[in-house]
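**Q** Construct the complete structure from the given sequences, taking the supplied hints into account.
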Amino acid sequence: MSRINFDTLLEAGCHFGHLKRKWNPAMAPYIFMERNGIHIIDLNKTVAKIDEAAEALKQIAKSGKKVLFVATKKQAKQVVAEKAASVNMPYVIERWPGGMLTNFPTIRKAVKKMATIDKLTNDGTYSNLSKREILQISRQRAKLDKTLGSIADLTRLPSALFVIDVMKENIAVREANRLGIPVFGIVDTNSDPSDIDFVIPANDDATKSIEVILDACCAAMQEGLEERKAEKVDMEAAGEAPANKGKKKATKARLDKSDEEAINAAKAAAFMKEDEEA
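Under our numbering, think of the first position of the sequence shown as 335, with each following residue one higher.
Each hint should be verified, as a subset may be incorrect.
[To be verified] Quick list of in silico lysine-lysine cross-link-like pairs, DSBU-like style, CA-CA up to 35 angstroms: (1) K477 / K396; (2) K411 / K356; (3) K411 / K542; (4) K356 / K383; (5) K407 / K383; (6) K400 / K453; (7) K396 / K383; (8) K447 / K399; (9) K542 / K354; (10) K502 / K407; (11) K396 / K447; (12) K411 / K447; (13) K447 / K477; (14) K383 / K480; (15) K379 / K542; (16) K480 / K502; (17) K383 / K354; (18) K563 / K396; (19) K447 / K563; (20) K399 / K542; (21) K502 / K411; (22) K407 / K542; (23) K400 / K502; (24) K411 / K354; (25) K480 / K443; (26) K392 / K379; (27) K502 / K477; (28) K356 / K542; (29) K443 / K453; (30) K502 / K383; (31) K453 / K407; (32) K443 / K400; (33) K480 / K392; (34) K542 / K396; (35) K480 / K396.
Calculated from the structure, these hints are not laboratory results. Bear in mind that the values here come from a model prediction, so they are computed numbers and not experimental data.
**A** Shown next, in the form of structure tokens:
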């Protein structure tokens, strides 16, 4: 069963591409026709591609890995922030920090700096500073929070990128390609789909279009997260306790063995001492 139907995509305007003169020929397989100088996207292919992407995203979420959502265009910002937060995934909606993936340790340092400022503010270290210095620190904190606050929990490189408008976010796509991180993307008729692993051909300019696609993908991710949680509970109920028991037994056996070795070593030492005295 499909995760989204043709009519939902049609109502959201997902079929509207760009003007014919702005098209990218690589998108030809996903174009249904041209009307009034505008390319119309084949929504049957969009439905199939959303299903494919949603299934892959579900598996990523189920395995406990992170998907980084990227959308810095005005129409997509708010929707992406809400949808990504609903499945507890990191997102970038202000500005793509250059080198965020290829120079990840530096980005992590900036995130840690934010945490340090919070810690020092809370424990009263900054209380002796002048008002001007406190203002500078709070401004720095606000600036870091704006660009990196949404990725504060991203302690390692994401397992995938979900990009709205692959043309606008081309730096993020290039960084992911360089590191071999799979890219999911909503690709319009003016964009190049060749660098995208999971192409979702659709209108990437309308908020409604972006929203219905994200709804389907995030619902799949939520399923993956719930399945992971259920499996964890089942494992704890069924196999975890005996495993711990077995672990304890093994540890005890190891201790018994080491005790035995210690006794034997002591006996040997005593025996040698007796020999020397004799």
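**Q** Taking the hints in turn, state whether each one holds.
**A** Against the structure, the hints come out as follows:
1. K477 / K396: 33 angstroms, holds
2. K411 / K356: 24 angstroms, holds
3. K411 / K542: 12 angstroms, holds
4. K356 / K383: This hinted pair holds, its Cα atoms lying about 23 angstroms apart.
5. K407 / K383: At roughly 23 angstroms apart (the allowed maximum being 35 angstroms), K383 and K407 satisfy the hint.
6. K400 / K453: 26 angstroms, holds
7. K396 / K383: 20 angstroms, holds
8. K447 / K399: Holds - the C-alpha atoms of K399 and K447 are around 24 angstroms apart, at most 35 angstroms.
9. K542 / K354: Since the Cα atoms of K542 and K354 sit roughly 22 angstroms apart, the hinted pair holds (cutoff 35 angstroms).
10. K502 / K407: Roughly 8 angstroms separates the two Cα atoms, so the pair holds.
11. K396 / K447: Status holds; Cα separation ~31 angstroms.
12. K411 / K447: 25 angstroms, holds
13. K447 / K477: Given that 35 angstroms is the threshold and the Cα spacing comes to 12 angstroms, the pair holds.
14. K383 / K480: Since the Cα atoms of K383 and K480 sit roughly 33 angstroms apart, the hinted pair holds (cutoff 35 angstroms).
15. K379 / K542: Since the Cα atoms of K379 and K542 sit roughly 19 angstroms apart, the hinted pair holds (cutoff 35 angstroms).
16. K480 / K502: Judged against 35 angstroms, a Cα distance of about 20 angstroms means the pair holds.
17. K383 / K354: 23 angstroms, holds
18. K563 / K396: Between K563 and K396 the Cα gap is close to 9 angstroms, so the pair holds against 35 angstroms.
19. K447 / K563: 32 angstroms, holds
20. K399 / K542: It holds: about 28 angstroms lies between the C-alpha atoms, which stays within 35 angstroms.
21. K502 / K411: Measuring from Cα to Cα gives roughly 13 angstroms; hence the hint holds.
22. K407 / K542: 14 angstroms, holds
23. K400 / K502: At roughly 22 angstroms apart (the allowed maximum being 35 angstroms), K502 and K400 satisfy the hint.
24. K411 / K354: Between K411 and K354 the Cα gap is close to 27 angstroms, so the pair holds against 35 angstroms.
25. K480 / K443: Given pair K480, K443 holds - Cα atoms ~16 angstroms apart, limit 35 angstroms.
26. K392 / K379: 20 angstroms, holds
27. K502 / K477: 22 angstroms, holds
28. K356 / K542: 22 angstroms, holds
29. K443 / K453: Within the cut-off at roughly 15 angstroms; holds.
30. K502 / K383: 21 angstroms, holds
31. K453 / K407: 33 angstroms, holds
32. K443 / K400: The given pair, whose Cα atoms are some 19 angstroms apart, holds under the 35 angstroms limit.
33. K480 / K392: 29 angstroms, holds
34. K542 / K396: Since the Cα atoms of K542 and K396 sit roughly 27 angstroms apart, the hinted pair holds (cutoff 35 angstroms).
35. K480 / K396: 29 angstroms, holds
The structure fails none of the hints (numbered hints given earlier).
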